[in-house]
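Novice: Got chain A sorted already, so can you dock chain B onto it with the hints?
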Amino acid sequence: MEKQSIKGWLYLLPAVLFLGVFMVYPLIDVFIYSFEEGYNSASQTYYGVGLYNYRYVLRDPYFLQAVKNTFILVAVTVPLSTGIALLISVALSSIKALRNLFQTVYFLPYVTNTLAVGLVFMILFKKTPYTDGFANLVINWFGGESVDFIDGPYWAKMFVLCFYTIWVVMPFKILILTSALASVNEIYYNAAKVDGTPRLRVFARITLPMISPTVFYLIITGFIGAFKAYSDAVALFGTNLNAAEMNTIVGYVYDMLYGNSGGYPSYASAAAIILFAIVLTITCINLMISRKHVHY
Amino acid sequence: MANQMDYEMIEKRAKAGNFAVKALIYALLAVWGIVVLFPFYWMILTSLKSYSAYSSEFVPQLYTLAPTLENYQDAFTAVPLGSYFINTLIFTVATTAIMLFVTVLAAFAFARLDFPGKDIAFVVFLSLMMIPNELVVITNFVTITNLDMRNTFVGLILPSVTSVFYIYLLRENFAQIPDELYYAAKVDATSDLKYLFKVMIPICRPTLITITILKVIECWNSYVWPRLITDDQAYFLVSNGIQEIRENGFGRENIPAMMAAVVVISVPLIVLFLVFHKKIMAGVARGGMKG
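Protein sequence lines correspond, in order, to chains A and B.
Counting from 1, one number per residue, gives the positions in the first sequence under this note's numbering.
Counting from 297, one number per residue, gives the positions in the second sequence under this note's numbering.
One or more hints might be untrue.
[Claimed, not checked] According to the in silico footprint, chain A covers these stretches of chain B (three or more CB under 8 Å from chain A):
1. 347-360
2. 381-389
3. 414-421
Simulated from the structure, these hints should not be mistaken for laboratory data.
Bear in mind that the values here come from a model prediction, so they are computed numbers and not experimental data.
Positions of the beta carbon are idealized from the N, C-alpha and C atoms, including for glycine.
Bound-form chain A, shown alone:
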């Protein structure tokens, strides 16, 4: 018996080692960092313990800008991407011909490098002295004025960021929703058919309640993912996000840690913990709402 127990832990040992060193220890350490005031990473010393790091971060205009950007991004992309994904998934499950082809094509962005395709988006939307770019070409077709979406006004930059984020998260949502729709029992639809129920009614009264757990799952993971947005913004606006006014909370954490304004793990930790607190709060609210509206 004794041998058996050692053996069990022996098999677990690699996983425990990796998780201990790179997950459990850092998790504790990040809280310690966030309370150490005036931490110097070169000499590894600090002056005192307190809330100074949190105060500093919460007063930093760059952080406030990042929070604003992140909240706008979340508020725009989560409802829009979930809604469009729902529309497309319902459309997908109502057809037979070409369905597999569409499904495969829609999933393509999932496997592509965010940084690489982001560069393509930048070129599509960028306006330079040599060319107005493709997006502006389309705008001009409809009689609009050219806008520089990459170095121009704030709303234009935010639009591209939201657009690209939606493009990136769509494959996952469509995939999950189509498989949820496929699992709705045919009996309910047949019953509705017998009663001659209109399409919209069928959707609102049968389809939506049946897939509501999946929709809420997507909303919750969507919130979490959007709050952690970072590489999409880097792909579009480059690594100096503060200069572009397009930084996100995660971007702020990494900038504090490393890069031109880096070397402050304490501020980074405080910002990361604030982010975690925001995400946790929103997730709890979501779960509370979902308990009221989701049919299991």
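Specialist: Just chain B now, kept in the frame of chain A:
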């Protein structure tokens, strides 16, 4: 007779209505298909235009009549794209291999062995799934820096190995294998390790392939950790390479060459996807996450 006419009219109208709805549905799907595919079309198209042709287009052309491959040559000669590629390959293969080793052993212990503290350990593992990477990356950065492992493959790989979710996924799969097989193997005096490799792993091969593919995708696209831990170009992965190319390579205006680099970087995963698309989509539907 008049009634008969009415029925025909109603039927016709219903058919026309149905047709209109179908057309609308296909139009919607086609529009989204174009939105998805257009960036890919644009990057291939731009990569085939010569620099001079591209620069002289004030209004972007939607096609090219004089495709050229010189941008691809530039992509490999003017910037170290080949070395970014090899780095990413080393990183991906090593990370995935170590991840598989760790995951298989841990999943086996949780699914098959009995030892004191197993249940508590499993609950702790599960709760670790909820820890966002952003919280732990700060200390990991400091740890790796203090160990003097910046700009090394070891520093890149080690913190990227752990995936609690895959351990969980594989454990669930292992647990479905009937106990009778294990007892039969025990009667034949088969060692646990041999049982794991000769019975469990072959049975759970589909799950292992799914995990492997998902991890490969994750590694190939990883950006944040490599960016923090490498500032020496010799250790850049493709994501960092793309960012470097964008900011310093080729000169800012040589967009066709940049697009050639983007195409080269995207091709491996797209090929992987086209070959394994059923497996990948099924794997992600079972609970994959991006990043």
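Novice: None of the hints should be skipped; say for each whether it holds.
Specialist: Against the structure, the hints:
With 5 residues having a beta carbon nearer than 8 Å to a beta carbon of chain A, the segment 347-360 of chain B meets the requirement of three or more and the stated coverage holds. Only residues whose C-beta sits within less than 8 Å of a C-beta in chain A count toward coverage, and the segment 381-389 of chain B has 0 of them, not enough to reach three; the restraint is violated. As drawn, the segment 414-421 of chain B meets chain A at 3 residues by the rule of a beta-carbon pair under 8 Å; at three or more, the given contact holds.
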